[in-house]
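Asks: Residue numbers (our numbering), protein chains in the order written: chain R, 29 to 238; chain P, 29 to 238; chain U, 29 to 238.
Calculated directly from the structure, the hints in this document are not laboratory data. Misleading hints may appear alongside valid ones.
No copy labels: a pair is met if it fits in one copy or bridges any two.
List of simulated lysine to aspartate or glutamate pairs, EDC-like, C-alpha gap at most 20 Å [stated by the list, open to error]:
#, residue 1, residue 2
1, K235, E101
2, K63, E150
3, K63, D233
4, K63, D174
5, K63, E126
6, K235, D90
7, K63, E101
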Amino acid sequence: MAININSGMSTALQVIEALGIVAFASSGFIEARRKEMDLIGVFTVAFITAFGGGTLRDILLDRRPLFWVQHQEYTLLIFALALVVLPLSHYLRSSSAERAINFADALGLGLFSAAGTSIAQEMQMPIFICVMMGVITAIFGGVLRDVICNEIPLVFRRGQLYATCAFIGSWVYLILNLANVHQTIALISSILATTILRLLAVRFDLKLPA
Amino acid sequence: MAININSGMSTALQVIEALGIVAFASSGFIEARRKEMDLIGVFTVAFITAFGGGTLRDILLDRRPLFWVQHQEYTLLIFALALVVLPLSHYLRSSSAERAINFADALGLGLFSAAGTSIAQEMQMPIFICVMMGVITAIFGGVLRDVICNEIPLVFRRGQLYATCAFIGSWVYLILNLANVHQTIALISSILATTILRLLAVRFDLKLPA
Amino acid sequence: MAININSGMSTALQVIEALGIVAFASSGFIEARRKEMDLIGVFTVAFITAFGGGTLRDILLDRRPLFWVQHQEYTLLIFALALVVLPLSHYLRSSSAERAINFADALGLGLFSAAGTSIAQEMQMPIFICVMMGVITAIFGGVLRDVICNEIPLVFRRGQLYATCAFIGSWVYLILNLANVHQTIALISSILATTILRLLAVRFDLKLPA
Numbered sequence: 029m030a031i032n033i034n035s036g037m038s039t040a041l042q043v044i045e046a047l048g049i050v051a052f053a054s055s056g057f058i059e060a061r062r063k064e065m066d067l068i069g070v071f072t073v074a075f076i077t078a079f080g081g082g083t084l085r086d087i088l089l090d091r092r093p094l095f096w097v098q099h100q101e102y103t104l105l106i107f108a109l110a111l112v113v114l115p116l117s118h119y120l121r122s123s124s125a126e127r128a129i130n131f132a133d134a135l136g137l138g139l140f141s142a143a144g145t146s147i148a149q150e151m152q153m154p155i156f157i158c159v160m161m162g163v164i165t166a167i168f169g170g171v172l173r174d175v176i177c178n179e180i181p182l183v184f185r186r187g188q189l190y191a192t193c194a195f196i197g198s199w200v201y202l203i204l205n206l207a208n209v210h211q212t213i214a215l216i217s218s219i220l221a222t223t224i225l226r227l228l229a230v231r232f233d234l235k236l237p238a
Numbered sequence: 029m030a031i032n033i034n035s036g037m038s039t040a041l042q043v044i045e046a047l048g049i050v051a052f053a054s055s056g057f058i059e060a061r062r063k064e065m066d067l068i069g070v071f072t073v074a075f076i077t078a079f080g081g082g083t084l085r086d087i088l089l090d091r092r093p094l095f096w097v098q099h100q101e102y103t104l105l106i107f108a109l110a111l112v113v114l115p116l117s118h119y120l121r122s123s124s125a126e127r128a129i130n131f132a133d134a135l136g137l138g139l140f141s142a143a144g145t146s147i148a149q150e151m152q153m154p155i156f157i158c159v160m161m162g163v164i165t166a167i168f169g170g171v172l173r174d175v176i177c178n179e180i181p182l183v184f185r186r187g188q189l190y191a192t193c194a195f196i197g198s199w200v201y202l203i204l205n206l207a208n209v210h211q212t213i214a215l216i217s218s219i220l221a222t223t224i225l226r227l228l229a230v231r232f233d234l235k236l237p238a
Numbered sequence: 029m030a031i032n033i034n035s036g037m038s039t040a041l042q043v044i045e046a047l048g049i050v051a052f053a054s055s056g057f058i059e060a061r062r063k064e065m066d067l068i069g070v071f072t073v074a075f076i077t078a079f080g081g082g083t084l085r086d087i088l089l090d091r092r093p094l095f096w097v098q099h100q101e102y103t104l105l106i107f108a109l110a111l112v113v114l115p116l117s118h119y120l121r122s123s124s125a126e127r128a129i130n131f132a133d134a135l136g137l138g139l140f141s142a143a144g145t146s147i148a149q150e151m152q153m154p155i156f157i158c159v160m161m162g163v164i165t166a167i168f169g170g171v172l173r174d175v176i177c178n179e180i181p182l183v184f185r186r187g188q189l190y191a192t193c194a195f196i197g198s199w200v201y202l203i204l205n206l207a208n209v210h211q212t213i214a215l216i217s218s219i220l221a222t223t224i225l226r227l228l229a230v231r232f233d234l235k236l237p238a
């Protein structure tokens with residue numbers, strides 16, 4: 029209960045945020061290793077990927093302290109994660125690394141899209157702004173990761189559905205919420221919608237019309 | 029009057045901001061279509077181009093809610109604009125698209141430079157800061173558009189006068205304002221100065237000395 | 029004393045901040061001249077390099093007015109500096125320009141890392157956040173400079189120690205501070221640690237393991 033009151037966030041939301049950080053940080057670790065960056069480079073990319081979207085959301089909504097300043101344990105989480113992911117990433121072949129990044133990225137997309145939408149909505153933002161905050165939270169970390177690693181951002185690459193998935197997942201949360209569905213169920217439905225749609229988009233090369 | 033009091037902005041300034049959004053969003057639509065982005069990509073680029081400069085200005089000056097959070101109609105404006113611009117953009121040949129982007133961009137440059145300078149000045153910022161806010165508001169959206177579309181930003185390309193136009197237009201507003209000229213006239217003079225100078229710079233390849 | 033009270037910053041810290049601005053602005057001037065940008069381009073790059081890191085720090089910590097809005101003399105400092113650096117830069121050969129940039133950048137890295145760490149610590153931020161603010165303040169301006177000039181950022185290039193130096197210098201300050209060493213001595217030690225380590229890294233091609 030204390031967590032609930034102090035942070036103004038439900039426990040479900042905090043778990044989701046932490047899982048999103050793990051997913052995006054993992055994608056950052058693997059991507060930076062592929063680019064043969066040194067240890068500090070790898071950490072920097074992992075941090076930026078995990079914290080970039082939420083930081084922009086907090087700045088746009090003027091939420092302070094920032095979520096990673098308030099929750100120092102998130103920083104420690106990334107250090108701990110490095111001890112697990114970095115040794116494993118040595119054994120990843122190129123094709124597996126690509127798949128691992130895609131999966132971690134799809135999961136992070138779902139988790140952060142749900143978290144961002146829900147946070148904006150708890151601040152009583154208008155509904156369009158909630159959707160935009162969901163999408164921004166979900167995609168901005170990955171955009172920064174790709175720009176730093178000198179890749180064309182996934183979100184703009186070959187047009188496979190990406191931001192669209194976060195967009196749809198964000199609406200799933202808002203609609204279920206309007207229908208008075210319990211928050212935890214709305215969050216999980218939103219995460220599943222985004223993540224599964226993104227994985228299908230990669231698998232079957234789903235694209236929007238140009 | 030209610031608008032005036034609630035928003036702390038004159039009606040003239042709001043009209044200018046809305047027109048600037050239309051101009052920059054149009055340039056974003058056309059640019060993104062040229063790059064054969066999908067629908068979400070096209071929208072994202074249009075949003076970022078239209079809102080990027082004002083968002084950075086609002087963050088730097090700590091104005092909240094951000095102008096596009098406060099005025100949700102701006103978001104709807106871009107959706108409405110898409111219904112007009114996107115079908116038309118199919119009929120644009122490459123050379124016409126280039127010209128259309130240049131014109132929309134020059135107009136947006138003038139409108140946002142005047143709006144940014146005026147907003148900073150109403151917050152009683154020192155005069156140098158007002159000029160910098162005018163320039164930042166004017167150029168930052170276009171810089172983001174070009175970076176996303178993988179072009180060298182117009183502002184740094186071949187040195188044709190660009191930021192310089194916004195810089196001069198910003199001073200035009202401040203000087204007329206000091207001379208007690210009516211705000212609306214000062215705004216329009218500033219817009220015309222920036223836009224015409226930019227169009228001349230493109231037409232006659234005007235450059236600063238290196 | 030008045031300065032002390034008004035700004036909430038020690039005189040030592042202000043001197044360091046001003047020197048850091050001179051160092052980074054110089055590196056920006058030289059880099060932009062090498063790219064044959066026009067005068068406005070050169071200024072813009074110098075400003076962004078000098079103010080980028082501190083601006084991001086102030087935004088993340090929600091400090092307003094921003095340091096360069098509060099201290100307009102910093103803007104004038106860059107104009108004055110241009111009168112000295114720009115004519116000189118004509119006489120720089122390519123190899124000398126490279127060396128001059130590296131030295132100015134190493135010095136700026138040390139100065140801003142110490143300043144950023146110290147500012148976060150005076151705001152009673154947790155110790156990890158202080159270190160991150162030191163590193164962000166130190167590296168972000170240079171990252172923006174390199175991105176604008178279309179170079180791979182120094183911080184990610186060939187893995188020579190870069191962010192690592194700011195990281196270590198930041199800890200030097202915090203540890204000396206915990207040991208109750210006088211602030212000015214802690215600041216100078218931190219600056220020397222970062223700058224010398226960075227210069228050694230460039231000279232002897234020091235790298236972290238991949």
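Asks: Run every hint past the structure and note whether it holds.
Replies: How the hints compare with the structure:
{"no.": "1", "hint": "K235 / E101", "result": "neither (38 Å within a copy, 29 Å between copies)"}
{"no.": "2", "hint": "K63 / E150", "result": "neither (39 Å within a copy, 37 Å between copies)"}
{"no.": "3", "hint": "K63 / D233", "result": "between (25 Å within a copy, 19 Å between copies)"}
{"no.": "4", "hint": "K63 / D174", "result": "both (11 Å within a copy, 18 Å between copies)"}
{"no.": "5", "hint": "K63 / E126", "result": "within (13 Å within a copy, 25 Å between copies)"}
{"no.": "6", "hint": "K235 / D90", "result": "neither (35 Å within a copy, 39 Å between copies)"}
{"no.": "7", "hint": "K63 / E101", "result": "neither (28 Å within a copy, 42 Å between copies)"}
Of the numbered hints stated above, those contradicted by the structure are hints 1, 2, 6, 7, listed in ascending order.
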